[in-house]
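Q: Chain by chain, the residues:
Number of protein chains: 2
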Amino acid sequence: MVKQASPSRILRATLTALAIALTPAAAFADALVDNVTGLTLDKDGKVVRFTGLLLTPDGKVVKLLGAKDKRPEKLDWRADMKGRVMLPGFVDSHGHVMALGFRQIELDLATTKSLDEAKARIAAYVAANPERKWILGGGWNQESWALGRFPTAADMDTAVADRPVVMERADGHALWANSAAMKAAGITAKTVSPAGGRIEKVGGQPSGVFVDAAMALIQKAIPQPLAKDRNAAFLKAQNDLLSHGITATADMGTTLDEWMTYRRMGDAGNLRVRIMSYGGGVDDTVRIGGTGPTPWLYNNKLRLVGVKLYGDGALGSRGAWLKQPYADAPGQTGLGFMSDDVIRNLMSRAAMDKYQIAVHAIGDRTNAQVLDAIDELAETYKGDRRWRIEHAQIVDPADLPRFGKHGIVASMQPVHETSDRQMAEARLGPARLTGAYAWNTMLKNGATLVFGSDYPVERPDPFAGWAAAITRQGPDGQPYGGWQPQEIVGREAAWRAFTMDGAYAGFAEDLFGRLGQGQQADFIIVDRNPLDINPSELRATQVEETWIGGQKVWERR
Amino acid sequence: MVKQASPSRILRATLTALAIALTPAAAFADALVDNVTGLTLDKDGKVVRFTGLLLTPDGKVVKLLGAKDKRPEKLDWRADMKGRVMLPGFVDSHGHVMALGFRQIELDLATTKSLDEAKARIAAYVAANPERKWILGGGWNQESWALGRFPTAADMDTAVADRPVVMERADGHALWANSAAMKAAGITAKTVSPAGGRIEKVGGQPSGVFVDAAMALIQKAIPQPLAKDRNAAFLKAQNDLLSHGITATADMGTTLDEWMTYRRMGDAGNLRVRIMSYGGGVDDTVRIGGTGPTPWLYNNKLRLVGVKLYGDGALGSRGAWLKQPYADAPGQTGLGFMSDDVIRNLMSRAAMDKYQIAVHAIGDRTNAQVLDAIDELAETYKGDRRWRIEHAQIVDPADLPRFGKHGIVASMQPVHETSDRQMAEARLGPARLTGAYAWNTMLKNGATLVFGSDYPVERPDPFAGWAAAITRQGPDGQPYGGWQPQEIVGREAAWRAFTMDGAYAGFAEDLFGRLGQGQQADFIIVDRNPLDINPSELRATQVEETWIGGQKVWERR
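Protein sequences appear in the order of chains D and R. Just so we're aligned: 266 in the working numbering is position 266 of the first sequence, and the numbers increase by one with no gaps anywhere. Just so we're aligned: 630 in the working numbering is position 73 of the second sequence, and the numbers increase by one with no gaps anywhere.
The reader is advised that the hints may include incorrect statements.
Dumping the calculated PhoX-like pairs for lysine-lysine here, alpha-carbon to alpha-carbon at most 25 Å [what the hints assert, rightly or not]:
1) D:K301 - R:K858
2) D:K382 - D:K444
3) R:K777 - D:K220
No wet-lab data here; the hints were simulated from the structure.
All chains, please: the whole structure from these sequences, using the hints.
A: Spelled out as structure tokens, the structure:
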């Protein structure tokens, strides 16, 4: 005879089971995304394949399931992906969220192939937006126009003369203004270039292009965007990132007003993408974070992690600070924004309050300067600091091994190499190319290599970056065999730099970057298996769905 | 024979009961604060007495229980107050949270009775804080020193000459600086008083006192406080407010850095008191809120509600803007900070985005100016706007009825009347006292009257304010019968102005301000029944415990 449980005993057992079910990590009432061709890296960076992803109700990974693993019967919900490919969401380690958004609500010249086309685009935009008092935009690159010089205010005046027009260079390191804008900003032949900046001149007169710190001379005259425009720009940017499978991004140089925008979005429940914010300069960073980085806010959607400092300008505008003069501009060595003392003091000021430090360094002189500063500061600020060098673009080969010390993170952008290689050859000459975009050497030297796009300078497309990383070729397949092919990295190493190591670089490896127990369920569904295809197919991979924290936040329609 | 329930039926019933228990509004597993002498106003402003308060687990009032009402058997927790008096938490409708905190970590001169005592206090503070490069503080009032004039830099130099010293007047409308501070700020005999401000002079030289807009000339030289000092100041202020039974406060003129401090506190889980923030000026308000007020943040602890504008200065420093000259300063009519056009444009700019408007108006000229602006703007911005006039201190009797239109809120401070009455008599002469601190007339005219302390100008003690409101007498019982006693308000009307109407004035009447179903359980335990005692006993009431959202956040030790 079977001994029957008494009602009170059953009740007690039920209460106990329910109490367990109510704890967040419970296996009861989980959700299952099933029937996937699942690929991820594990915490050692090894590829793991799976067919089902079990999640908690609040969007964390419980476990990866293989084809033979039994599926739980009790589930909150279940999604059948019909065999499609699931990957962890990408981490873009270097982008500018608000600039990406404004690029989309302002005039975008990124695809223009000539100065005339740019002028026509500007004139058409003004005709279509007669109410705008200032015409703003960006994306131009005189290199793509085969112009052989910077554009001028006189060029732009022939398109629009009756109101100020200001267009940012694709790399964000120069502005092109018309005469009305220069007049509004009070620029005359007597205006002096500020330290770290350069007013381009033609015949002793300001030509209309303002490089690096000189940009501020024009920017101070531009009216601040309205809050509604900031909100709209954010939503555009977020949608763009999600559509490319980016589920987390570093925001490099967040201003106070940008931070306020993110908070408004979080307060209103509109933050989807995870933002690791690096405040623009020490002052704004401290105004935001106070005595240190913020906690993760809005259910792990936003955190002020550290500070972004600018060590120099960009190569295209000859603002990158070089040890030896530019090959194509004798005597010019670019713009070092800070003295050795200033950069150390700023880094020290931020490190003191445990902000992570990320320094923009393009030229070999600046890279050496930042490495020197880290050498010195690492003596004082011990422990797990993850000093970041952003771009690490042109490095003296003698300095490359130094990236392997002090746990330095080299935060690099594969597509910059393929976009810039011809310009870089012109700027540097052949002798200095060995330490240019030296991804593989960074890995060999033991640096943590992480990848991003520097959007909106480039499109925020990780597949374009991944393809560039494993080929050193542009979308046109050029050059054959790859440019400086010794710096090609392996497919899995590149993937890791666009995912889990990007999370690590922002102190977020316990939260996201791969699919594994306890990680946030941030994943994407794509139209092909990126580990199985040739580079041009990899480049053409399309994201079909983007999920963050177990919720679908974007879908291709 | 009793029919026995089957195990499975019991299990189902248990599951159902538990499912109900998990919904937030469930009556199951509530909490009870019992055995209280409970007093509150109901939504019509009538006194309600109760002996128990039933709360939800998340800290809302379920219902008030009378002595005969049955208590639920199943409770999350139960507190026995042993018959002590429970009141709803107070709402201070006009205060300055961060200034209250800094007053406590900087030098406080509020209790000084003479210039010599103030000088001794400053010298002692410098000796005790040798590492401080700038000596900051406030709370002085030359009226309390019987000095018959403003103090001077020369006075202060005899106490401290080797480093800058800047002391704010008790009303926050003037600074007293020593020569080192004036030198650091670059003040000379040639420095011109800015619009809306006045550099006091002696023999043609700056004397050391800077009134209203002239304060900025000194302030710009003072180093910004460190984030850790801001955090510490906030926690001091919060503790002070809670110790006086203030569970919600309007913060009048929140700067961007103050807002960032509140956010850091909220992010770290350190916000206890509820803050209705009015941003300092339109620019900072819009930088914070963007296209409109924020939602309530941090579980109803912080909200940007609107904007604070300053229409004039204060009476003590003769900055209040009067229709006729000061009785004790022939020819001077004070400082109107804004032209009629500017004030309307600013109010309109903020009202357009649905920010609530609160305008500081002390003098009769400014009160008329703001009333004119509201008359005009109410045509455009219809609906429930709750235009606030802060202080409404000296009003032309002809203008008093105008407070009854457009739903105007008169936000007044009872203790100002008792502190200021002798000074006000000197400044105004007898003829203009009829419309001074005219609380009862405001009520009779149909304005919404709300009370606050203007801390740190006065102590944030609602019982002092309540006693002043019902007596028009100071702590010394002077003057006999009360000053301008026709403006005394009733005990319950004053209570209402310090509680539920204060919530209404910040659009928070659905959240707090009284104890009733659905309201947040914000209450205090005090040592006597304020409805049963004489005014001097009322003034001496001590808060024993302060609870916010059903949690004890402060207790007297």
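Q: Run every hint past the structure and note whether it holds.
A: Hints and how they fare:
Using a Cα cut-off of 25 Å, the hinted pair D:K301 and R:K858 holds, with the two alpha carbons roughly 21 Å apart. Annotation: proposed proximity of D:K382 to D:K444 holds, straight-line Cα distance about 24 Å (limit 25 Å). For a cut-off of 25 Å, the pair hint linking R:K777 to D:K220 stands: about 21 Å separates their Cα positions.
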